[in-house]
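Student: Next come the chains, spelled out residue by residue.
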Amino acid sequence: MKNEETHITSYSSHAIVLIILLILTTISVSVTGWHFGPFSVLVALIIASIKVRTVITHFMHMKFENLFMKLMITGVFTLFALVIIITFIDYYFR
Amino acid sequence: MVTPEAYNEHYENETGKLGMWIFLFTELFLFGGLFLVYAVFRTKYSADFHIAARELNAFIGTMNTVFLLVSSMTVAMSITAIQKNQKKLAMFLVLVTLLLAALFMMNKYFEWAHKFEFKLYPGSQVLKNLPQGELLFFGLYFMMTGLHALHVLIGMILLSINFIKIKTGKVNQVHYLLLENSGLYWHLVDLIWIFLFPLLYLIT
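First to last, the protein sequences are chains W and C.
Under our numbering, the first residue of the first sequence carries the number 1, and numbering increases by one thereafter.
Under our numbering, the first residue of the second sequence carries the number 1001, and numbering increases by one thereafter.
If you're looking for bench data, these hints aren't it; they were derived computationally from the structure.
Using N, Cα and C, we set each Cβ at its ideal position, and we do this for glycine too.
In silico contact screen, one side only, chain W against chain C (beta carbon under 7 Å); selected entries: (1) Tyr11; (2) Leu18; (3) Thr25; (4) Val29; (5) Lys51; (6) Val52.
Within a straight-line C-alpha distance of at most 16 Å, the following computed EDC-like cross-link-like pairs (lysine to aspartate or glutamate) qualify: (7) Lys1170/C <-> Glu1009/C; (8) Lys1119/C <-> Glu1055/C; (9) Lys1115/C <-> Glu1055/C; (10) Lys1017/C <-> Glu65/W; (11) Lys1044/C <-> Asp90/W; (12) Lys63/W <-> Glu1014/C; (13) Lys1128/C <-> Asp1048/C; (14) Lys1108/C <-> Glu1055/C; (15) Lys70/W <-> Glu1014/C.
Whenever a hint applies, use it, and build me the whole structure from the sequences.
Tutor: See below:
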C-alpha cells in the first residue's frame, strides 16, 4: 500500500514563483506597447498560458500530485484549449 | 507501518481534492464559453472592440493582476504554514490574502463606478446608442468581470471561514483539506483573471 509523504513547499520557492509571475506580467504589459498587430493577441495569450501553467504546477501543487491527478489536470486543460481553438478556427475560416 | 486511521485520512484528502478539481473544471468551461463568444465577436467587430477597449484603464487592470498574483502566493504560503504547524503565521497569511482580495474589489468598485458615471452600464441608453461592436464589448466586459468578481467574493467568504477554523483549531496540521481546497478555488480565480486581463485591458 502506498502512503506518500505530504510534500511541504518552502516559503522561498513560493516567493520565487511569484517573482517569475510578476516578470511575465511586466513582459505582457510592455509587449502590448509594441503593436505587433494581430500577433499581439497571440503573444499575450502565449504569455498568459505560461503564467497559468506556472500557477497550476507550483501554487496548485500539481507537481507533487500522483500520476492520475497529473494526467487528469493536463488532459482537461488540453481539452479546454482544443475546444476553444478548434471552435474559433471553425468560425474564422468559414 | 501505517495505521488504518492514517490510511483513511490520506485517502479522504486525496478524494476531497479530486472532487474540488472536478468542480474547478466545470468552472473553467463556464468561463471558456464566454472567452469563445469574446473571441468570435472580437474578430467580427475588431474596430469597435479596439475603440471600446481604450475606455478601460490598463493601470488599474495591472494593479489588480498584481494583487491577485501576490494573494495567490500568500494563500499557498498559508498551506505551508499550517503543514509546519505555524498557526499564527497561517492566520496572518490568510488575512493578508483577504486584504488583497478586498483591495481588488475596491479597485473594481472604482472602475465600475467610473463607467456608471458616464452612463455606461448594461441596459443604459448611452450604451444602446453605441455601435453594435462596442455594445457587445461592454456587455462582455460587465458579464466577464462581474462573474469573476462574484467568484472573488465567494473566495473571500471561504477564506474567512478558514481564518475562523484555523483560530478555533478545526483546521490544523493534520486536517487542512478545507484550506487546501479553498486555496485551489482562489488560484482558479487568479487563473481566470490571468486570461481576462490581457483580453480586456491590454489588447486594444
